[in-house]
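Please work from the sequences and hints to get the whole structure.
Protein chains in written order, with the numbering used here: chain A, 1 to 117; chain B, 1 to 257.
It is possible that part of the hints are untrue.
[To be verified] Far from chain A, some chain B residues (derived; all Cβ distances over 12 Å):
1. 52
2. 120
3. 209
[Unchecked claim] Here are the computed lysine-lysine pairs in the BS3-like style, where the Cα-Cα straight-line distance is at most 25 Å:
4. B:187 to B:18
5. A:109 to B:252
6. B:88 to B:33
7. A:21 to B:231
8. B:72 to A:21
9. A:109 to B:231
10. B:246 to A:109
11. B:71 to A:20
12. A:108 to B:231
13. B:55 to B:71
14. A:109 to B:228
15. A:21 to B:230
16. B:72 to A:108
17. B:187 to A:20
18. B:228 to A:108
19. B:230 to A:106
20. B:36 to B:55
The set of hints was computed from the structure by calculation and includes no laboratory data.
Treat the numbers as computed from the prediction; the structure is a model and nothing was measured.
Idealized CB from N, CA, C, for every residue including glycine.
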Amino acid sequence: MEERVPQHVQNIVIRDYCSKKNIQYLLSATEYAMENSALTLRQLVKDLSSIDGIVAYSIFQMPEDDNERQSIFNSVLSLKKELHFAVEGLSIYDNETYNHIENIWKVKKTIPDCLYL
Amino acid sequence: MDFLSKNEKILEKEFIEKGFIIREAANKDALNKIQKFVIDMLTSKGGDSLDHAHKNISISELNDFRLDVIKKINMQPWLREAYYQIAKPYLDILVGNELAMQSRVNLSIQLPEDSSSLLTVHADTWSGDSPFEVVVWLPLVNCFDTKSMYLLPPKAANNLSDDFKLHAQGNSEKLFDLIKNDVNWIKINYGEVLVFNQACPHGNRVNKESETRWSMNCRFKGLFTPYKDKKIGEFFEPITLRPVSKIAMNYKLPITE
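Next up, the structure:
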């Protein structure tokens, strides 16, 4: 959603996050550049059974569409896996963390409707 | 027209005129818990008095120690709520009751005569903070004179802002020289909390007192107020989202097509 950070910088941030959290970094995956694409993300979730979870660069790389994003989050939770976001230092691993991340998303989407300087 | 109570108006007037308020910590248990955690970390260095920490920590090892304390205290799941509770009634009045809070709480340690960890004169708004933010500054020891921080009152800050281009070619030390007779040195004791307007220039100087300063700081803002470089998610998180907002953010008009 709007922000773009060079891919090599994203990788540095993700590796640093994994190091600090003692998460073993296995493989990097890159989303297709087409607008609103979540093809790679959906494939990662589909293949999630063999690993512990996914580390994304940011919360706001998740699908902007509420239903699609929530579907991905629910898939991760139903598999009892984790979804981490390196820039924010946050993760989804239960209903409470799911709600927290969703609230952040919804506030972010609401802000443009608020009066702005 | 406003419907603010007498107490709210007193706090508002003071904050607008001085750029800060100092009040009793609203939750002493929370404050003591935070202080105890920090003292326990100092114990690992062989000390038990925050005021005299300079006897246990050298200037060269200060920053690594400070970062270690910040890392460990921010790992405590109770920390941010405790910190918020200490200032909650004042934030409710000055900022609002639907808030975003900085994701990490910071810690400053100023050893006597240490020039290595100074914050030169600045306003947070000069480097990417929204003017809708306030700083909650929490002393873990009594702070006074150069053991504390200084703040330029709003009126003088506005004058400086108006004339800023005249001084923009200088440096931060020259800027401090310009304002040093107008700044307020914050006198605040342990057990009190400071809330200040971070758009007013502030900073610290070499601590010329004989005691070490320990203070924490964290930013708060109205959840639905403008953000600048410090964004929701990566820097701020919602902490008191209200039910109507929760409902409204999920609201969709009935589908007609």
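Going through the hints against the structure:
| no. | hint | in the structure |
| --- | --- | --- |
| 1 | 52 | holds (32 Å) |
| 2 | 120 | holds (27 Å) |
| 3 | 209 | holds (36 Å) |
| 4 | B:187 to B:18 | holds (13 Å) |
| 5 | A:109 to B:252 | holds (13 Å) |
| 6 | B:88 to B:33 | holds (17 Å) |
| 7 | A:21 to B:231 | holds (23 Å) |
| 8 | B:72 to A:21 | holds (13 Å) |
| 9 | A:109 to B:231 | holds (12 Å) |
| 10 | B:246 to A:109 | holds (13 Å) |
| 11 | B:71 to A:20 | holds (11 Å) |
| 12 | A:108 to B:231 | holds (9 Å) |
| 13 | B:55 to B:71 | holds (23 Å) |
| 14 | A:109 to B:228 | holds (15 Å) |
| 15 | A:21 to B:230 | holds (23 Å) |
| 16 | B:72 to A:108 | violated (29 Å) |
| 17 | B:187 to A:20 | violated (38 Å) |
| 18 | B:228 to A:108 | holds (13 Å) |
| 19 | B:230 to A:106 | holds (17 Å) |
| 20 | B:36 to B:55 | holds (19 Å) |
The earlier numbered hints that this structure contradicts are 16, 17.
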